[in-house]
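S.K.: Work out the full structure, taking the sequences as your base and the hints as a guide.
Chain by chain, the residues:
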Amino acid sequence: MAKHSSVRIAKDRLRTLVGSDRMKCQPEICERISRELYQVLSKYVEITPEEFAVSFGRTDIHIRFTGEES
Amino acid sequence: MGEVIVITSGKGGVGKTTTTANIGAGLSLLGKKVIIIDTDLGLRNLDVVMGLENLIVYNLVDVIEGKCRLKQALIRDKRYENLYLLPSAQTKDKSAVSPGQMKKLTSELKETYDYIILDCPAGIEQGFQNAIAGADRAIVVTTPEVSAIRDADRIVGLLGEARIPKTDLIINRIRMDMVKRGDMMSVDDVTEILSIPLIGAIPDDEQVVIGTNQGEPVISMESRAGEAYRNICRRITGEDIPVQDLESAGGLWSRLTHMFHKK
Numbered sequence: 263m264a265k266h267s268s269v270r271i272a273k274d275r276l277r278t279l280v281g282s283d284r285m286k287c288q289p290e291i292c293e294r295i296s297r298e299l300y301q302v303l304s305k306y307v308e309i310t311p312e313e314f315a316v317s318f319g320r321t322d323i324h325i326r327f328t329g330e331e332s
Numbered sequence: 081m082g083e084v085i086v087i088t089s090g091k092g093g094v095g096k097t098t099t100t101a102n103i104g105a106g107l108s109l110l111g112k113k114v115i116i117i118d119t120d121l122g123l124r125n126l127d128v129v130m131g132l133e134n135l136i137v138y139n140l141v142d143v144i145e146g147k148c149r150l151k152q153a154l155i156r157d158k159r160y161e162n163l164y165l166l167p168s169a170q171t172k173d174k175s176a177v178s179p180g181q182m183k184k185l186t187s188e189l190k191e192t193y194d195y196i197i198l199d200c201p202a203g204i205e206q207g208f209q210n211a212i213a214g215a216d217r218a219i220v221v222t223t224p225e226v227s228a229i230r231d232a233d234r235i236v237g238l239l240g241e242a243r244i245p246k247t248d249l250i251i252n253r254i255r256m257d258m259v260k261r262g263d264m265m266s267v268d269d270v271t272e273i274l275s276i277p278l279i280g281a282i283p284d285d286e287q288v289v290i291g292t293n294q295g296e297p298v299i300s301m302e303s304r305a306g307e308a309y310r311n312i313c314r315r316i317t318g319e320d321i322p323v324q325d326l327e328s329a330g331g332l333w334s335r336l337t338h339m340f341h342k343k
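Protein chains in written order, with this note's numbering: chain A, 263 to 332; chain B, 81 to 343.
These are computed hints drawn from the structure, not numbers from a lab. Among the hints, a few may not be true.
[Said to hold, decoys possible] Examples of chain B residues toward chain A, derived with CB under 10 angstroms:
| no. | residue |
| --- | --- |
| 1 | Pro224 |
| 2 | Val226 |
| 3 | Ile229 |
| 4 | Arg230 |
| 5 | Arg234 |
| 6 | Asp257 |
| 7 | Arg261 |
| 8 | Gly262 |
| 9 | Met265 |
| 10 | Ile273 |
| 11 | Gln287 |
[To be verified] Calculated cross-link-like contacts (lysine-lysine; reagent style PhoX-like; alpha-carbon spacing at most 20 angstroms):
| no. | chain 1 | residue 1 | chain 2 | residue 2 |
| --- | --- | --- | --- | --- |
| 12 | B | Lys246 | A | Lys286 |
| 13 | B | Lys184 | B | Lys151 |
| 14 | B | Lys260 | A | Lys273 |
| 15 | B | Lys112 | B | Lys174 |
| 16 | A | Lys273 | B | Lys91 |
[As the list claims (entries may be wrong)] Sample of chain B residues with no beta-carbon within 10 angstroms of chain A, all distances over it, derived:
| no. | residue |
| --- | --- |
| 17 | Arg156 |
| 18 | Glu188 |
| 19 | Glu205 |
Ideal placement from N, C-alpha and C gives every residue a C-beta, glycine not left out.
M.R.: This is the structure we're talking about:
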């Protein structure tokens, strides 16, 4: 995929929009939830932002944490 | 017992009406008895896309208000066996019909028709609530754009709240050249975000515009979009056909159908 792919920007924007729509809250709330979840997790395990992602489903919140590469 | 399918999207202009027309025509080509209903009160379009606008006498509101019998309002499409159109009213607004009335109408139609296809208006207000009231399943149409996908996601949520048993996705107007260079979301990108089953992807095809100009559904034209719609119709009837690779569409199958049509 091209270096300055506009698709990546579109997908990032959509994840935030769709996440906040699904949670029925402001986009920045979703970001705050993600940030705080990251802080909680980092208290107990070594973690970098690259290993961590939160996605908001219609009925649940998924927290993805990829530890050591297998 | 027939099945009521609502074609919806949230955002306007993504191809709901074109999709309704083509699925209606396509299912009738598969030998099904089909009625397509325009539920967009005040902005009647489906008749124009089908090229049947000069044949309208009565409309959906007339039927619901009891001003005519259903049969008097139906327009039979002479090009397709067993395809009927119930047009919308151009002068009424969305409050002229209630969800209860729509539910009653569609449940009556299920006794006569194999498929009742409803063209839903844009938005999430009463027109939308009317259209989904009696639906057994929904097809959400979107294009690979941020605003259309966001609205589609809202619609998927509302269909879930309304307990519509089955919701599938059509992604319309895909341009493979843009997908390849990373400037358009792919079928996989969109499906992943919306996380509902994909029932078809339609390439951006100028034949759709040509068909609409002429009032002729693209499904009966030799075209890549037509082929995509033909596959969607077979999937609706329960056939298990993999979603075609848009890059290779126009290959063998297209040539075969071309020969078949020439016959």
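S.K.: Next step is simple, just say for each hint if it's right about the structure.
M.R.: Each hint, compared with the structure:
1. Pro224: Holds, about 8 angstroms.
2. Val226: 5 angstroms, holds
3. Ile229: 6 angstroms, holds
4. Arg230: 5 angstroms, holds
5. Arg234: Since the shortest Cβ distance to chain A is 6 angstroms, the answer is holds.
6. Asp257: This interface hint is violated because 13 angstroms lies over the 10 angstroms limit.
7. Arg261: OK, holds: Arg261 of chain B within 10 angstroms of chain A, min 6 angstroms.
8. Gly262: Holds: closest Cβ of chain A sits about 3 angstroms from Gly262 of chain B, inside 10 angstroms.
9. Met265: 5 angstroms, holds
10. Ile273: 6 angstroms, holds
11. Gln287: 26 angstroms, violated
12. B:Lys246 x A:Lys286: 23 angstroms, violated
13. B:Lys184 x B:Lys151: Holds - the C-alpha atoms of Lys151 of chain B and Lys184 of chain B are around 16 angstroms apart, at most 20 angstroms.
14. B:Lys260 x A:Lys273: Satisfied, since the Cα-Cα distance of roughly 16 angstroms is no more than 20 angstroms.
15. B:Lys112 x B:Lys174: 30 angstroms, violated
16. A:Lys273 x B:Lys91: Judged against 20 angstroms, a Cα distance of about 18 angstroms means the pair holds.
17. Arg156: 41 angstroms, holds
18. Glu188: 33 angstroms, holds
19. Glu205: Nearest chain A Cβ is 17 angstroms from Glu205 of chain B, so the label holds.
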